[in-house]
Every structure is written in C-alpha cells, then in structure tokens.
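Chemist: Residue numbers (our numbering), protein chains in the order written: chain A, 1049 to 1127; chain B, 199 to 328.
Since the hints were derived computationally from the structure, they do not count as laboratory data. Just so it is clear, the structure is predicted and the values come from calculations on it, not from any experiment. Quick reminder that beta carbons are idealized off the backbone N, C-alpha and C, glycines included. One or more of the hints may lead you astray.
In silico DSBU-like pairs for lysine-lysine, Cα to Cα no more than 30 Å straight-line [to be verified]:
#1 K265/B with K234/B
#2 K234/B with K1099/A
#3 K1100/A with K261/B
#4 K257/B with K235/B
#5 K257/B with K234/B
#6 K1100/A with K234/B
#7 K1099/A with K265/B
#8 K1100/A with K1126/A
Reference listing, derived: stretches of chain A covered by chain B, where coverage requires no fewer than 3 residues with Cβ under 8 Å from a Cβ of chain B [what the hints assert, rightly or not]:
#9 1060-1070
#10 1106-1115
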Amino acid sequence: MTREEVFATVQDIFRDIFDDQTLEITDTTNADDIEDWDSMNHLNLVSAIEKKFSIRFALGELQTLNNVGAMIDLMIQKF
Amino acid sequence: MRFHHIGIACLDIPEALEFVQKSFDVIETTDIIFDKKQDADLCLLELADGSHIELVSGKAVEKLVAKRQSLYHTCWSVNDIEQAIEALYRNGAILISPPTEAILFDNRRVAFLFSEIGIIELLEENLSAV
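In isolation and in its complexed conformation, chain A is listed as follows:
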C-alpha cells in the first residue's frame, strides 16, 4: 500500500468521523484545523484507523501523533 493510498483511506475515515464528505486533510492538518477534533473524536479516529488497517498503536504512542502526517508515518511503520 502506497502512502497516497493510505492517505486516501485515512481521509475517508476523517470524513466519516466528522460527518463531512467534503473534508480535505493534508499532512499538516491537526486538531486546531478541525473544529470537532476533540479528545473523544481523536480516540474515534485512532480506533477506526486501527480497525481499518489492522494495526495497533502501542500504549503511549498516541501522544506523538500531533498531525495527520505524523499519524500516517507511524501507521506505515506498522505495515
């Protein structure tokens, strides 16, 4: 799976979680850019990503995920 393919799937997940089919994310998108990206939706995102890609983020790893690019880079390390 290429990074672009991962990115496209993650974008679909963001659109589902935030219920906005026009939402466009970039590597630098972070919680400040999306109004409803609160701690609960962050957990919903992480949970949906783990299920979709059959990966697990390790205990304590989530604190390092401060934007979309960091999240995708960490995901790719787990494939």
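Use these hints to put chain B onto chain A, whose structure you have.
Modeler: This is chain B only, laid out in the frame that chain A set:
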C-alpha cells in the same frame, strides 16, 4: 475485575445531586471535590443497594454535556491496574490516561481507556478494605 460505579457527566453537580437524592435511596455522599489531575469536580454517591454513582462536571466533560450525553464512563475495580490495562489493550482498548492517584478514592490509582463500550475507568483495589 469488579463493577464499581457509573460516571455521569453533568453541568452542575449540586443540581444533579438534588435530583438523585430525591429519586433514589442515597445513603452516603462525599463532598464535591475538585480533582486537578482530571480537571473535573467529582462527587461519589452510595445507594442503599450498594451501587455507586459518580457525578462529574467541569472541563473534562463539557463537550459531553453540550451534546446532552450523560454517560461518561463505567468504572471497574481491579487488583492489578497495570495487568488490567494490558488485558484491555490486547482486546482493542486505547489507553487515554495512565494510572494516576485519584483524590476521590483516597489516592488509589485510576486509569482511563477508550473501548467498544465507551470509556472505562480502572480503579486500583483498596486491598486493606473489604
């Protein structure tokens, strides 16, 4: 792992407390305590049937309250909190906050996880009390 209490998010603890006291057989109520680590006001009630309700208000639950979602968490008491975290993690839960002392529970440690059944609080057993 043993069920301990349900955590209810509310806008105003005294108001919620008044309702619960009028509606249920409350036998014990703690003071309303501000827990700096959780950034929340907390109050624990014990009912005559032995069940417990924790009322929670403040920044930690303000988004839930705004959405009128009152169920905040279920709490389970455990002998070994680290082992319980590992077991829930293996089953797909995500650690929200690692074990930390909780003023409402005499500084016994609590941890929070996100799971398929919502937020789970783990409370370290008070092994000296039965």
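Chemist: Look at each hint and say if it fits the structure.
Modeler: Checked hints:
1. A distance of roughly 24 Å separates the Cα atoms of K265/B and K234/B; the hinted pair therefore holds under the 30 Å criterion.
2. Under the criterion of a C-alpha separation no larger than 30 Å, the hint pairing K234/B with K1099/A is inconsistent with the structure, at around 34 Å.
3. Under the criterion of a C-alpha separation no larger than 30 Å, the hint pairing K1100/A with K261/B is consistent with the structure, at around 27 Å.
4. Among the hinted pairs, K257/B with K235/B is consistent with the structure: their alpha-carbon atoms are about 12 Å apart, no more than 30 Å.
5. Restraint check for K257/B and K234/B: the C-alpha separation of about 11 Å stays at or below 30 Å, so the hint holds.
6. Of the pairs offered as hints, the one joining K1100/A and K234/B is violated, with about 36 Å between alpha carbons and a cut-off of 30 Å exceeded.
7. Taken as a hint, the K1099/A and K265/B pair is honoured in the structure, with Cα atoms around 26 Å apart against an allowance of 30 Å.
8. Annotation: proposed proximity of K1100/A to K1126/A holds, straight-line Cα distance about 13 Å (limit 30 Å).
9. Taking a C-beta to C-beta cut-off of 8 Å, the stretch 1060-1070 of chain A contributes 0 residues in contact with chain B, too few for the three needed, and the coverage statement is violated.
10. Note: the stretch 1106-1115 of chain A has 3 residues with beta-carbon separation from chain B under 8 Å; the three-residue rule is met and the coverage holds.
Hints 2, 6 and 9 from the earlier list are contradicted by this structure; the remaining hints agree with it.
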